[in-house]
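Student: The residues making up each chain are set out below.
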Amino acid sequence: MRKVYLDHASTTPLLPEVREAMIPFLGETFGNPSSLHDWGDAAREAVEAARAQVAQLIGANAEEIIFTGSGTESNNFAIKGLALAQQNKGKHVVLSAIEHFSVLQSARTLEKWGFELSLLPVDKYGVVDPKDVRKSLRKDTVLVSIIHANGEVGTIEPIQEIARITRESNVVFHTDAVATAGTIPVDVKELGVDVLSLAGNQFYGPKGVGALWVRKGVRIMPLLDGGVQEGGRRAGTENIPAIVGLGKAAELAKSTMAARIEHLTQLRDRLLNGLPSRIDHVVVTGHPQNRLPGNASFCVEFIEGESMLMLLNSQGVAVSSGSACTSRALKASHVLIAVGISHELAQGSILFTLGIDSTPEDIDYVLEVLPPIVDRLRQMSPLYAKFIKESKGGK
Amino acid sequence: MPVYSEKVMEHFMNPRNVGEIEDADGVGEEGNPVCGDMMTFYIKVKDNRLDDVKFKTFGCGAAIAVSSMVSEMAKGKTLEEAMKITPRSVANELEGLPKNKFHCSNLGAQALNKAIQDYLSKKKAKGGKE
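These protein sequence lines are chains A and B, in that order.
Residues in the first sequence are numbered from 1 upward in steps of one, following the numbering used here.
Residues in the second sequence are numbered from 1001 upward in steps of one, following the numbering used here.
Wrong hints could be hidden among the right ones.
A few chain A residues that face chain B, going by a derived Cβ cut-off under 8 angstroms, partial list only [said to hold, decoys possible]:
#1 Leu-26
#2 Asn-290
#3 Ile-303
#4 Cys-325
#5 Gln-347
#6 Ala-385
Calculated directly from the structure, the hints in this document are not laboratory data.
These numbers come from a predicted model, not from an experiment.
Here a beta-carbon is modelled for each residue, glycine too, at the ideal position from N, C-alpha and C.
Take the sequences, apply the hints, and build the full model.
Tutor: Next comes the structure, spelled out in structure tokens:
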């Protein structure tokens, strides 16, 4: 059976070049970068080379990069660390309603610690209005965090415009670029942000490694205390193989980005246009154009996402869904609800995220196998039966 | 894939008794699309036995498997026997359901029960007229 992995937002495969780069550090080059002998030097050089590679990917200075254990850690570090470092100035934090859970839940923790939160709405395409950011700012606002692009709907946010506002008001601005760094051009100077999160497993690097870029001069309180690794901002012996892999993946992402984007955009549009032409009552979620190159997200009416996902899996196709039934908490995706999708329609969520190895044939295979799956589930659906009866009765 | 038993997967992939009964003797609906799962059961009764049972379900893999299993368990049973089918006995027949799915997706027994109640109240109304 054909195997088609279209769940790259969950994680990407490791590129062979990345794996090759990592292997020595799982073997002979095992030293601790903090050690003062040759073993330590070799490890330290590898970490610093990777730091330079990651810095280059986002147009930053190497000494401003802090390696972390994941995108989630980067976001926790940013939200809690930036807020705590400035709590004498104020305790108000501004976020969008479509932040990743690692930002949202970190901010919920801040609330428990006495901070106040403003959650900004998004329009039906998932776009934050910079005017709302301006309106939300108060004297005691210490942090604004807006996601660069949400992986569930793919919409790219107007980060530059928001950064102009936060800069005028002298408020620290963090963006969660986990879905964008290594995928689309991300330049911290162009974006104008102060702090930015990224993660290796989103662009063909290893899992369990991320980075936080903190502009020089911005104060952040460490989450992990201990030794003086990462300039004293993130204690703990470095995960050298993963950091080396992240560096290599960053280098490859930078050098091949234009070609990757062109490839992904073509395939994405093939799916975004192809699916609604083959299946009735399908809604595209997110922005029609201004979206991540590999993101094609839909809601299919009258049926539920997990059953679609399971039947697609039985045909060799891997996807995600934001339906309540697919979440452990059995809650519909907060992102879909924020863009104005009803709870009922959100049940039909299905998310395809394409990768650099995806092919036109993969897309055509999905376009071939999905319509009969949708049809089969609709034949089983009391909602579809009602809809058909009502539309017949109406005529 | 969600952590489903082989039996759940088997019923999900090959659900029994999907459909509607045009001239059903009783119809029962449980759940709603907002919370995620919704099931409609149709029954045909002959000599106090469930002669035919069909269902339509909107929901996850567990919801579809539950509906299929309930229809299979109920078919041929007397009304009294069928009313003894519980979410617990359905889950047991399915060799277990994930904890978080037990309540929201396991509505088949209730929907069937509602269909039987619907039949009984219709019968009573008819009996009253005679």
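Student: Against the structure, test the hints numbered earlier, and report the numbers of the ones violated in rising order.
Tutor: 1, 2
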